[in-house]
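Participant: The lines below spell out each chain.
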Amino acid sequence: MHRDRSTGLVIFGVFQIILGLLAALMVHLAALGAFMSRLAPGGSMRPGQFISGVATYAFLAVGLVALGIGSVQMKRWARALTLVTSWYWLIMGTLITVLMTAMLPVVMRGALARAQQNTPGGPSPGMSTGIRAVILTLIIIFAAFFLVAVPIAFVLFYGRKDVADTVRGRDPKERWTDQTPLPVLGASVALFTGSMYLLLVGWTTPLFPFFGRYLTGPAASACFVAWAGLDLYLAIALFRLQASGWWIAVLVAPLRLLSLILTMEKQT
Amino acid sequence: MQAYSKVGMSDAQLKMLNSNPMFRGHIILWWSLISVVLFFGYLLWLKRYFKIPASAPSDAHLAQLG
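Chains A and B, in that order, give the protein sequences. Quick note on numbering: the first sequence equals residues 1 to 268 in the numbering used here. Quick note on numbering: the second sequence equals residues 1001 to 1066 in the numbering used here.
Be aware that a few hints might be false.
Stated by the list, open to error - Calculated lysine to any residue pairs in the SDA-like style (CA-CA distance at most 25 Å, straight line):
(1) B:LYS1051 / A:MET92
(2) A:LYS161 / B:TYR1042
(3) A:LYS173 / A:VAL189
(4) B:LYS1047 / A:LYS173
(5) B:LYS1051 / A:LEU241
If you are wondering where the hints come from, they were derived from the structure by calculation, not from laboratory data.
With the sequences and hints as input, model every part of the structure.
Facilitator: Set out below in structure tokens:
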């Protein structure tokens, strides 16, 4: 007999819904940012940048609210998808936090120097060192909480055997997520999300690194659509546990690597 | 930077990008590279779930059994 984790599923589900609503709020802030960018020295935001930000936050909001409702209702699919996306969130979040910690002080110093150049009476980089350190620390703590601590809590909770037993007991019917082992489901979800992202980038910022050079315009958009189509096919093939899908994914990955390495070499 | 100008960025935006170490140091390309390498390793690890089904017993083998 397992320990019933219904209360925990409701608490974590409600937390996911709150995070989803915060992401929905960011959609409005992105719109406000686009409006405010007209006043900035760099000029107004491109429509592509605005659409990209809004679409990303809207996708996150819908996903988090749906998973939160599924968790409150103790559905098998919600537990499986929350677990695999939390792992993805944790790995990417850790990388982003490390990158942010390394880059943010340099970016901020440059931004302050530019602000002082543009407005002679503006903030002095020398005088504001203390304040800058406090702001940087707060940003990094904030990022570490949402990008590392929160996904760790989700992975630990939804990965528990008694949580899996609770959802199996409350939702006895076999769901579509039960057909595939969780690690494969994770790869499938990552490829599906990646394909959606490629479509978005192909539409908003058609700039495609292609074996040593950047393609732009319709050629870049066509490449993005082709990659997105391939990733979508691979997501479905892996989900269905097709060995051919695994082989294609493994053969295509080095090609992507080669294209990126050649582009990096040429640009440096 | 020339490529960015082709996707509709203004001169002022390009200047800002150029002064940003995130873009100057090709952080985005490095980021993509690390992501692809990690995902490739993960795909290799997933091989255990993609067993090629055992081939059906051949006629000769069936005849031997019979």
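Participant: Next step is simple, just say for each hint if it's right about the structure.
Facilitator: Here's how the hints hold up against the structure:
1. B:LYS1051 / A:MET92: 29 Å, violated
2. A:LYS161 / B:TYR1042: Holds: LYS161 (chain A) and TYR1042 (chain B) sit about 23 Å apart, inside 25 Å.
3. A:LYS173 / A:VAL189: 22 Å, holds
4. B:LYS1047 / A:LYS173: Since the Cα atoms of LYS1047 (chain B) and LYS173 (chain A) sit roughly 29 Å apart, the hinted pair is violated (cutoff 25 Å).
5. B:LYS1051 / A:LEU241: With Cα atoms ~9 Å apart, LYS1051 (chain B) and LEU241 (chain A) stay inside 25 Å; holds.
This entry does not satisfy hints 1, 4, going by the numbered hints stated previously.
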